[in-house]
Amino acid sequence: MKAKVYVTLRKSVFDPQGKAVQEALGSMGFNEVQSVRMGKYIELDLGSTEKSQAEQKIKVMCEKLLTNTVIEDYRYELN
Amino acid sequence: MKFGVVVFPGSNCDHDCYHVLKHVLQKDTDFVWHKDRDISKYDCIVLPGGFSYGDYLRTGAIAQFSPVMENVYKHAERGKLVIGICNGFQILLEAGLLPGAMLRNRSLKFICKFVDLKVETTNTPFTRKAKKGEILNIPIAHGEGNYFADEETLFELKKNDQIVVKYTENPNGSLEDIAGICNFKRNVFGLMPHPERASEKELGSTDGLKIFQSIVESLN
Chain A
56 MKAKVYVTLR KSVFDPQGKA VQEALGSMGF NEVQSVRMGK YIELDLGSTE KSQAEQKIKV
116 MCEKLLTNTV IEDYRYELN
Chain B
145 MKFGVVVFPG SNCDHDCYHV LKHVLQKDTD FVWHKDRDIS KYDCIVLPGG FSYGDYLRTG
205 AIAQFSPVME NVYKHAERGK LVIGICNGFQ ILLEAGLLPG AMLRNRSLKF ICKFVDLKVE
265 TTNTPFTRKA KKGEILNIPI AHGEGNYFAD EETLFELKKN DQIVVKYTEN PNGSLEDIAG
325 ICNFKRNVFG LMPHPERASE KELGSTDGLK IFQSIVESLN
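Protein sequence lines correspond, in order, to chains A and B. Sequential numbering from 56 applies to the first sequence in this note's numbering. Sequential numbering from 145 applies to the second sequence in this note's numbering.
Hints should not be assumed to be uniformly reliable.
[Claimed, not checked] Dumping the calculated BS3-like pairs for lysine-lysine here, alpha-carbon to alpha-carbon at most 30 Å: (1) A:K119 / B:K257; (2) A:K74 / B:K275; (3) B:K303 / A:K66; (4) A:K66 / B:K310; (5) B:K218 / A:K119; (6) A:K95 / B:K303; (7) A:K119 / B:K253; (8) A:K112 / B:K179; (9) B:K166 / B:K262; (10) B:K257 / A:K74; (11) A:K112 / B:K218; (12) B:K275 / A:K119; (13) B:K345 / B:K257; (14) B:K273 / B:K310; (15) B:K218 / B:K310; (16) B:K302 / A:K119; (17) A:K74 / A:K59; (18) A:K66 / B:K253; (19) B:K179 / A:K114; (20) A:K74 / B:K310; (21) A:K119 / B:K329; (22) B:K166 / B:K275; (23) A:K119 / B:K303.
[Unchecked claim] So these bits of chain B aren't anywhere near chain A, every CB distance computed over 10 Å: (24) P153; (25) S184; (26) G277; (27) K329; (28) E346.
To be clear, the hints were calculated from the coordinates, so they are not data collected in a lab. If you're wondering where the values come from, they're calculated on a predicted model, not measured in any experiment. Every residue, glycine too, gets a C-beta built ideally from N, C-alpha and C.
Using the sequences and the hints, build the whole thing.
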């Protein structure tokens, strides 16, 4: 079982890195870019864990370590 | 009175804190390795600045699971003192011992300079020797000191007089100019500026001593 975790800053949190990238894209002529939000992508190999168990575990991992829920949101894919 | 300065892999202000406590203030002080579990003999635990675990994942995120932290929670629960400086503050936030979180500096730059701090409350064991409204000149050195909390948390911080020091000129985008906060019980304090770098005349300021002297007075 493999998990892919996507971590992004919450909408209410200003993302200075994304803003800097957006401005750089703008200066390249890509003025259509309205906003850029940066995040993290984490891949986990969960060995032979069953899907239902993996789901429970990945939630705990996300809440306790992989994200800081004060400032970040997460979503994950299992397959 | 006994101080313990925790050393995480990547701590780099541990010796400065140790030096101020041990040599400047002449207090009994030990280094505490992050794998040590027994911290029961210490009255005040210092989580120093640095880059614990290389700032991997998020600043302070990995250090919260160091073996020593388990007893830092208990130490704090018992009402004993904990001060987290810079990376130590980030660890306290990640560990949930203080509310809120740190974001990258608004400028995206690492900022290393002296700043002026305004003492917002003297009703803490860490600021009791200062005067309310007093300005302390203490350096900052961080890339992630942009304090963030949701509205509800900010409301609580204000209501309970937990905002301890504020920047007079916001260097990093920090919410409400917050530079340091304490917990509801007032025995856990985190701040981004480095009082240990401003505790001897030779270093340009001794304003940081006020914080350490306050702790000493509280423990007397």
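Okay, the hints, checked on the actual structure:
{"no.": "1", "hint": "A:K119 / B:K257", "result": "violated (34 Å)"}
{"no.": "2", "hint": "A:K74 / B:K275", "result": "violated (40 Å)"}
{"no.": "3", "hint": "B:K303 / A:K66", "result": "holds (26 Å)"}
{"no.": "4", "hint": "A:K66 / B:K310", "result": "holds (26 Å)"}
{"no.": "5", "hint": "B:K218 / A:K119", "result": "holds (19 Å)"}
{"no.": "6", "hint": "A:K95 / B:K303", "result": "violated (35 Å)"}
{"no.": "7", "hint": "A:K119 / B:K253", "result": "holds (28 Å)"}
{"no.": "8", "hint": "A:K112 / B:K179", "result": "holds (26 Å)"}
{"no.": "9", "hint": "B:K166 / B:K262", "result": "holds (27 Å)"}
{"no.": "10", "hint": "B:K257 / A:K74", "result": "holds (25 Å)"}
{"no.": "11", "hint": "A:K112 / B:K218", "result": "holds (26 Å)"}
{"no.": "12", "hint": "B:K275 / A:K119", "result": "violated (39 Å)"}
{"no.": "13", "hint": "B:K345 / B:K257", "result": "holds (17 Å)"}
{"no.": "14", "hint": "B:K273 / B:K310", "result": "holds (17 Å)"}
{"no.": "15", "hint": "B:K218 / B:K310", "result": "holds (28 Å)"}
{"no.": "16", "hint": "B:K302 / A:K119", "result": "holds (27 Å)"}
{"no.": "17", "hint": "A:K74 / A:K59", "result": "holds (25 Å)"}
{"no.": "18", "hint": "A:K66 / B:K253", "result": "holds (22 Å)"}
{"no.": "19", "hint": "B:K179 / A:K114", "result": "holds (27 Å)"}
{"no.": "20", "hint": "A:K74 / B:K310", "result": "holds (26 Å)"}
{"no.": "21", "hint": "A:K119 / B:K329", "result": "holds (24 Å)"}
{"no.": "22", "hint": "B:K166 / B:K275", "result": "holds (25 Å)"}
{"no.": "23", "hint": "A:K119 / B:K303", "result": "holds (28 Å)"}
{"no.": "24", "hint": "P153", "result": "holds (17 Å)"}
{"no.": "25", "hint": "S184", "result": "holds (26 Å)"}
{"no.": "26", "hint": "G277", "result": "holds (29 Å)"}
{"no.": "27", "hint": "K329", "result": "holds (20 Å)"}
{"no.": "28", "hint": "E346", "result": "holds (36 Å)"}
The earlier numbered hints that this structure contradicts are 1, 2, 6, 12.
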